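Student: Residue numbers (this note's numbering), protein chains in the order written: chain A, 1 to 369; chain B, 370 to 738; chain C, 739 to 1107; chain D, 1108 to 1476.
It cannot be assumed that every hint is accurate.
Claimed, not checked - Within a straight-line C-alpha distance of at most 30 angstroms, the following computed DSS-like cross-link-like pairs (lysine-lysine) qualify:
hint, chain 1, residue 1, chain 2, residue 2
1, D, 1246, A, 139
2, B, 639, C, 877
3, D, 1377, A, 139
Hints listed in this document are in silico derivations from the structure and should not be mistaken for laboratory results. Everything numeric in this text was worked out from a predicted model, so none of it was measured.
Number of protein chains: 4
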Amino acid sequence: MALDVGVLGYRFMGKAHSNAMARLPMFFPDAPEINREVLVGRDEEALSEAADRLGFARTTTDPSEAIESVDAFYNLGPNFVHPEYSIEALEAGVPVFCEKPLAPTVEEAEEMTDAYREAGVPAGCAFNYRFVPAIRYAKGLIEDGELGEIYHVRGRYLQDWLVDPEAEWSWRNDEELAGSGALGDLGAHTIDLARFLVGEQAGEISEITGQLRTFTDERPTGDGETREVTVDDAYLATAEFEGGAVGSFEASRNANGRKNDHTIEIEGSKGSLTFSLERLNELGYKREGSRGFETILVTDGDDPYIDHWWPPGHVIGWEHTFVHENYEFLSAVEEDDEFEPSFEDGLATQRVLAAIQESDENGQRVSLD
Amino acid sequence: MALDVGVLGYRFMGKAHSNAMARLPMFFPDAPEINREVLVGRDEEALSEAADRLGFARTTTDPSEAIESVDAFYNLGPNFVHPEYSIEALEAGVPVFCEKPLAPTVEEAEEMTDAYREAGVPAGCAFNYRFVPAIRYAKGLIEDGELGEIYHVRGRYLQDWLVDPEAEWSWRNDEELAGSGALGDLGAHTIDLARFLVGEQAGEISEITGQLRTFTDERPTGDGETREVTVDDAYLATAEFEGGAVGSFEASRNANGRKNDHTIEIEGSKGSLTFSLERLNELGYKREGSRGFETILVTDGDDPYIDHWWPPGHVIGWEHTFVHENYEFLSAVEEDDEFEPSFEDGLATQRVLAAIQESDENGQRVSLD
Amino acid sequence: MALDVGVLGYRFMGKAHSNAMARLPMFFPDAPEINREVLVGRDEEALSEAADRLGFARTTTDPSEAIESVDAFYNLGPNFVHPEYSIEALEAGVPVFCEKPLAPTVEEAEEMTDAYREAGVPAGCAFNYRFVPAIRYAKGLIEDGELGEIYHVRGRYLQDWLVDPEAEWSWRNDEELAGSGALGDLGAHTIDLARFLVGEQAGEISEITGQLRTFTDERPTGDGETREVTVDDAYLATAEFEGGAVGSFEASRNANGRKNDHTIEIEGSKGSLTFSLERLNELGYKREGSRGFETILVTDGDDPYIDHWWPPGHVIGWEHTFVHENYEFLSAVEEDDEFEPSFEDGLATQRVLAAIQESDENGQRVSLD
Amino acid sequence: MALDVGVLGYRFMGKAHSNAMARLPMFFPDAPEINREVLVGRDEEALSEAADRLGFARTTTDPSEAIESVDAFYNLGPNFVHPEYSIEALEAGVPVFCEKPLAPTVEEAEEMTDAYREAGVPAGCAFNYRFVPAIRYAKGLIEDGELGEIYHVRGRYLQDWLVDPEAEWSWRNDEELAGSGALGDLGAHTIDLARFLVGEQAGEISEITGQLRTFTDERPTGDGETREVTVDDAYLATAEFEGGAVGSFEASRNANGRKNDHTIEIEGSKGSLTFSLERLNELGYKREGSRGFETILVTDGDDPYIDHWWPPGHVIGWEHTFVHENYEFLSAVEEDDEFEPSFEDGLATQRVLAAIQESDENGQRVSLD
């Protein structure tokens, strides 16, 4: 019995997840069989073209209709669409997979998480970097105590696609439509990775101080006018974890020369790790007793997920994280199992982002207890 | 009218090409429509399982039967299988795509190439690294004269999966079955890349000196016996190009710590380039007027093939080279167009490999005129 | 007429500066001639041995006596010794060169700076990293507008010599003796470099938020006892510059695997830079119109100070920064010229460090106006 | 009783060695006391200026006179000056330190080595890269068997100061004056390092094949004329060691973008190493049981020579290799001890270089038995 899947959204994320689903049978033969049943959107023409290309059986412009007819609902629309349809699906007992950040506000994220707790079905939040083999390998090292007590966590996500002040205004520059800027779009990934990697050893973030910055206040709209930019171009934060580790976090869309530099560094009493998304097959590892950071190509047969792919040294790409993520989520759906990162994780990250925003506004350290 | 495709071979290369074909519709919508029609092999059970997984309509153990029924034939079997069925297909007017190295001997490669010239249909040789975006971007720079006159070409392909003298004997250690060792398996890629990149500026390799080495003479067979290793573990060569450039080439399966280090470096009067397969999204470029090597992430929208994939900085993997390769080959088949690298290229590389072997044996520089 | 120089301190910094002075005649023939006249310390025996080795004509245990008899006084003692003898020298009209951080408190730093303003002679603060050729070259690029408007400044100084909780207690773990921990010892360098590099374009730091952390509360003393650690092992800070740039700063002595990783990164509207002390001959430069960071070996004949040393590619070391620093300071002394970094710079940095400490205590963003 | 030292040559190498001697007392207090007694050259004015700057007591234009009056004679003149005065000194029982390559021809190198054997005093050949701490640390690892059986040795020395075809002709482009080009100037260093590092495990080079190339046949002289270039711009070689390892070697002065890239890579059955002169404080080490190359900063207190310098992470420069070299040589002179690399080593390398040249000429592999 194949699972019928409905997907809201057919642009960047829609394509990434559709591709992931399409690749499961060849590489993850034990994944549940699925039908890409229905693609949801507003623009019928674009939707129809996308459904053809992405391999969906049919389309609809009515999310509720889709939700009723599927075994799993992917909510990949913009931020402000997340709460309503995620809750609707969960209330109907349909497992949900929702893009990050979970919601425009903590309150909405809480409502979504409440719905998840009530529903008793998987509700995943799309922190795909948890599914990078190097990251999972790193997580294993930390859990095995190879780093000892955690002292430092450092995360940054640098891009430069807004560095040109003349780059055109888009919905991503608007607070109403996008919720936030670099903080929500990039920072959410970093905070989640930090939680994922050191959560068990170092605990949650207990206090945080944050700062936002918009470097370009208004941008041209393309018709000779300019329009105000109402989201942040960059954020900075320093944090304390329950277990005593300290963390520093940063993201920017104005970091000239950086394309997708999501870098995580963790230092502990016994060892250290470093990872960068631009070289996602690699992990830097200072192990106990060694003299420096070792550059590990995490592509061996016994590395996480790698036995499904290619021989050692045959690197995988960014999109493979979605295949792993979908494999885990759809397996959980089929077996009615737990899936992580869940809405709980989405909510936890949302609270940290909100605290950063609060601290930016009031200039004070914010407690997260 | 979809193209019916037959594929001989269902292991590593069979999987890589089947995956590539499966991904074309979503990412290269203008690629010809194809049917994965028939999978060819000898072991019926394994074949049937593979056909299911790789998405083939049917199977056969008779290559000739397959050839008769398809619009394009992929010869992905071991080396010694290449000549017979490739020639059979070409004589039947069926376009062929053949794995590298083209044939066990230069003579057979010549026969295959003759058949190609007669047939007037595309016959491709599987040098997939020509389809790495960074390599194609490099090729463009060289063609545009950005490197000026070419002085140095350096290529090496280092792996370490045979570094353990106790690693078990396999068919890849046997000259009869494998043709050659590191030279044919890895060196073929390097020589082809060198020809591809600098051929127009520096001409062909005109003289070469070579050296082979087998570090481990016999290996355990798993049943308490040992068996002789009759192929090389490593080769070294130095060469001269028609235009005066010099080249040095090397490959090894005993290079401890190297997983898939296919590195190419080219230096010219105006600029230089460096590329490594383990970081295949990156190109090192010393441009005229700059002071050092620039690390370029070749993932921008206007980089070769990238507009089909993801936004800047979202890296692709090794397997994507096969998608590009299949896109080009199948498009050529449909439009009855030229495809490169063709059997001509396979033959040219084969001649260089043979000259290296000859030089190893007689201790003399070998002319390739 | 040679300058008589007196030096207080004969350990790490004493050796670094004595070596620098000794090398001037051979490499900077236009430097003023100097006598290493008198070495000042408390332990007569050790002092005498050091004077022999470091090439001083005589020794004294009385700083005041030394000050009276020299043309320039180097105050290289521990932090708490800085104010008294620096002020005494300046009041006597003797130029002073003082180690960093300038003083234990802002108040004392202000008094020292007042003395400097009154004295009208050079008073240098030992921020030697301003004299790394790559840093000076970077400064030139920024001044020439090659980076455009400054958006991001990122500085960190990571070491790991205290990562072992069993490492013995030393005076550097004591607030009374050392003033502060990583903040004063390492952070002072980072803050000064940030000011030096972007001060003219981005202005001074106007607001800052900080956090300190002591990971190991007490350490063994070697006699079976333990003693309290009263300084920080690490600090974190995020800042805003007058011109709108944002900065993040960090240092640690517990960053496992990092030996002397003083890394500075600056991103602007047109270009970006990156520098790390562990590779001090190199500068990473993303220039306008290029596609990535260029790795520049700053060892060409027209790079700052390099014509005094060796041909291109023949790298210099950490100690060379002291030669350049002494060359500039002693030249300023001889010609009664300005020297930077002066006590003004030392004071400015001290204020930033104090603001970080204040913010750590009260949990609030601190304004530096 | 201080050693009187005479030095022939006062340019690049004269400066490097004079500086090294000058630094010994402060950093190597157990080094023999020396007098920089006499500087030898032909141009009296330049010589006198140099003697002042480099700290020599007197000058002479008569090498024989100098040899008679010193306890050690440094022969740092151009290649063709090496045999005569080195032999004269050795015949007079005066220890000699001679620049590399040892002599213009193998025959002369043999005569020099004969003189050394007869004299029974130290005669050093200036392969200073043996004295890089990272290289000595590497040597220790190899001797301790940490790499196991040696399979691959790879050495290259790339520079780019002749990449511009319009760069002016100099004596270095002339065979009579310079002996050879990249082969003798750069290749000598590489061959010696290979011998030093793996000689005991892998034996000597037993067979070699070589190739020379002059990219620019004539160069402008500055007066509107051009003059023929009679030396090589680049060499390539592949070799076999007695123990079965293979080696590839290369050097160029036309390698655009490379300043002083002397890179050595060694791979063995248990581990591997990589080193580059442009980052001379670092060693790449793949150790048994690890998963990748570790980047080691060879600046710890127990690393070779480092206890004489600065704390961990405070990097040293190219010139420090000369201090170590002089320390060892002068200590050997004082104690009438062995010094390595001696003229024996200079001769062994000379033979390899000659074999490369012979192979280039006759197109055949050359045996070195």
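Student: Next, verify each hint and record whether it holds.
Tutor: Do the hints match the structure? See the list:
| no. | hint | verdict |
| --- | --- | --- |
| 1 | D:1246 x A:139 | 36 angstroms, violated |
| 2 | B:639 x C:877 | 28 angstroms, holds |
| 3 | D:1377 x A:139 | 28 angstroms, holds |
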